[in-house]
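Dock the two chains into a complex; use the hints.
Read off the chains here:
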Amino acid sequence: MSTDAFSLQTNYIEFKSASMTVPVLLLTHGDLSLLAQQLHEKLAQAPEFFKNSPIMLDLQKLSEAHQHVNIKDLLKLLSDHHLIPIGVRGGREQHIAESLSLNLPVFPAQPVSETVIKASTKKKTPTITTTTENKLIVQPVRSGQRVYATGDLIVLAPVSPGAEIMAEGNIHVYGCLRGRALAGVLGDVNSRIFCSDLRAELISIAGTYQLYDDLQQYPAQKPVHVSLENQKLIIKKI
Amino acid sequence: MARIIVVTSGKGGVGKTTTSAAVSMGLAKRGFKTAVIDFDVGLRNLDLIMGCERRVVYDLVNVINNEASLNQALIRDKRCDQLFILPASQTRDKDSLTIEGVGKILEELSKDFDYIICDSPAGIERGATLAMYFADDAFVVTNPEVSSVRDSDRMLGILSSKSRRAEKGEEPIKEFLLLSRYAPDRVKLGEMLSVDDVQEILSLHLLGVIPESKSVLNASNSGVPVILDEQSDAGQAYMDIVARYLGEEKPHRFIEEEKKSLFNKLFGGK
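From first to last, the protein sequence lines stand for chains Y and P. Heads up: the first sequence begins at 1 in this note's numbering, then just goes up one per residue. Heads up: the second sequence begins at 239 in this note's numbering, then just goes up one per residue.
In isolation and in its complexed conformation, chain P is listed as follows (with noise of 0.2 Å):
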């Protein structure tokens, strides 16, 4: 049985999915059988990040109405065998989505699948609410910003009422926090929350803080998650990422600002 990972928010622009594409890589990496499905059906953008967009053929939502196979549909990842992409459709729209369509999507990929990770659209509507429904696990994405922690604390109040398991009673969702775009310096100079504060109003499990980088940016256009860019803070940072999320312990990096040495401020490396 797959284990079933959503990656939500609530507001745009957190980074959900740079989050998708480099944790389903990662768990790939390990060698887990790991599927990513790209929920923002109408905003195809998975696709693009994981650099497979010209190889898209058939999407989800072909699959959901039967015009295609789920192998069909399924991309193969070229940088690694056992990660598998299942596009969102550009030319539709969420309506298209329907709670069967996807619990019948999720559960054929369960049945060979370690991970199945669900890249949700922002927002609390159809799209997001489908793609959180079925899940096991919640990686909430959030920007040290007031509006960014306050949709993600109205996402987990969706998260603990609206899910299947919360619908069956079953054990609750286990949700997470990723910290993303977190700049040390700024929340020094108290323009930006620190992790204490988000954590305060949260009071959720912190997985990883992904820092502010220009190598998140650089990896999105070229179409290579930005794990697979290890020298990068944000690569490293999502490594670290996998690993809590797999058990291991980890010290929590990128919350302090870093020092500089005397090279790096002649270089101005970052």
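Looking at chain Y on its own, in the form it has when it is part of the complex (with noise of 0.2 Å):
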């Protein structure tokens, strides 16, 4: 009955897994002052991203010659320049043994992708994983302009002969649309365009066209979708 009672309630601790991105700091050398003076000039670069973040110490790169350093001294460094260790790796036997001493997790050797100072840079700019951006144009395209979307493409006004609007996504027009047309660039069939009142000169999806005189067929003013069906395009009334 008990025990029953104790299997409804909730559970109030979750093991999960999380990676995350800490910098590492990759030692060659071990004399401890050139480290020091080093690791100062390094942190004045960039003082507040690194106060009190948490760091790696990385000794995979470590020479023969340079093995005596100690993880204690090493901690003391680290500490004096208001970094939070966070573990070893790529540590020798003494390294690893005297880590574990200290209660410093210790991290089997992994290849370095990037210093440190490069992460702190790209840290101070929000970075974007995805290039795709959508962009929306208010006043009207005028004959000669250009307009390009990375993402999907929304006009609100018309887009006149002459012009060219072009997205890596979908099209949309809410005015006429006069002008060429080019939806999906970089060839994403599944893209399409949408418009209110379609007298393009000439609409394209993924590399797919069709010019004004296939198109005259369908009523202007009237709100249509065109898809790609088939590696044909098809224009159907919303």
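Among these hints, one or two may not hold up.
[What the hints assert, rightly or not] What follows is a list of derived Cβ distance ranges for each label pair:
1) P410(P) with K236(Y): 32 to 38 Å
2) K452(P) with T132(Y): 57 to 63 Å
3) P410(P) with A220(Y): 28 to 34 Å
4) I234(Y) with E495(P): 43 to 49 Å
5) R314(P) with L136(Y): 48 to 54 Å
6) T132(Y) with D333(P): 39 to 45 Å
7) H443(P) with L136(Y): 19 to 25 Å
8) Q437(P) with T21(Y): 54 to 60 Å
9) L202(Y) with H443(P): 26 to 32 Å
Keep in mind that the hints were calculated from the coordinates and are not lab data. For clarity, every value in this text was computed on a predicted model and none was experimentally measured. Positions of the beta carbon are idealized from the N, C-alpha and C atoms, including for glycine.
What follows is the structure in structure tokens.
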């Protein structure tokens, strides 16, 4: 009975797996005063970023001649510079033993992809993993103008003859479309063109195009959407 | 600070210089100190329309090259002492114009003028782009036919992307449509685009319609801005345009075909 009640209780702890980016301090020399001086210089470049930052000590590039360095001294060096060590990786046996005795986790050696300062500059500017960006146009797109969107393109104004609007994604035109409209220019066959008044010189999805003459059978001033099916442009009323 | 107006069109022969002359005279007549600059270096025309071709000593390029001062080059109009003309050079070409030189002249003029009208040459090359670069307002002169509308549309694109205001990210140039050489009877016959047709493509604020009129050619030939011919329909259209530009409410005229009275039919007055 009591065990049943216990099992119905909500779990207050849960083990989850998470991965995060942590700066790694890669050492190639064992002289503490030299390390201190260089660390000071590096940190001066981005003091706020590194203040109380967690840091991983990486000893895999430490050559035979510099193996004498001990973890305790290194930890002192880090705390002097307001860095909080969260572990050691790539060390020799004596380093692993010393780390464990200091309650410092030990990680296996891994290739280092980027330098710490590079990581810091990346952090300061917000990192956007995707490069697609939608674009909203409220002014008329005039003859001779070209508009390009890496994501979807939304136009709330007319597109004049001789203008060219292009998007890697979908195109929406809530005005009269008289110019050229090219959706999915990088080859996305699922992109579409939505248009409230289709009088375009040319429409294209992922390279498949139709000219005005082929479009004339569709009534103007009626909202339509254009999609690509079996390498043919299909125009349907909305 | 002066307000800088560019009169532009892209296409040639639509009435840019006629409009520049009429609008500058109209503003000056209302008491605003106005300068009108001819940017059509090599094809100087404004001085003819303004009737001051015999008084040109120095020109725009002389001022840019520091060969003359601005005061030496400016010609005061004989009919209106608030109006000054800065003619173009006939012996040079448009490469003589520099952005720094034009900027300096406009800055200097801005100090004590109310309005500066820049009469743009046709095309979208150097002269035209420099004429519009520093503008605050743009008068886009368009004829009711497809090629003129297309060229105006192109010009509007350039206005919104290559002007100083656009480059500095300031409030964009205010664009106004002036539909010139409009003939309602020909619109009715389907030979000409209507105001609505043009508006549909350009979607621009209509400042006025200037009817096709003999008075324009007569005025140009005699060197009198057509706005001074107060009896003529074109003159009145420009007066309305100036009034609307200054914020007055005026109903649009000359869009509908005028019903001819028996008197007019008999004596053919137009």
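Outcome of the hint check:
At roughly 37 Å, the beta carbons of P410(P) and K236(Y) sit within the given window of 32 to 38 Å. Separation of K452(P) from T132(Y) is about 59 Å and conforms to the stated range, judged on CB atoms against 57 to 63 Å. Checked against the hint of 28 to 34 Å, the C-beta distance between P410(P) and A220(Y) comes to roughly 30 Å, which is consistent with it. At roughly 46 Å, the beta carbons of I234(Y) and E495(P) sit within the given window of 43 to 49 Å.
Distance hint check: the CB atoms of R314(P) and L136(Y) are about 50 Å apart, consistent with the given range 48 to 54 Å. The supplied range of 39 to 45 Å is met by T132(Y) and D333(P), whose beta-carbon atoms lie about 43 Å from each other. Checked against the hint of 19 to 25 Å, the pair H443(P) and L136(Y) passes, with Cβ atoms roughly 22 Å apart. Between Q437(P) and T21(Y) the beta carbon distance is about 56 Å. The supplied range of 54 to 60 Å therefore holds.
For the pair L202(Y) and H443(P), the supplied restraint of 26 to 32 Å holds, since their beta-carbon distance comes to about 30 Å.
Violated hints are absent here; each numbered hint is respected by the structure.
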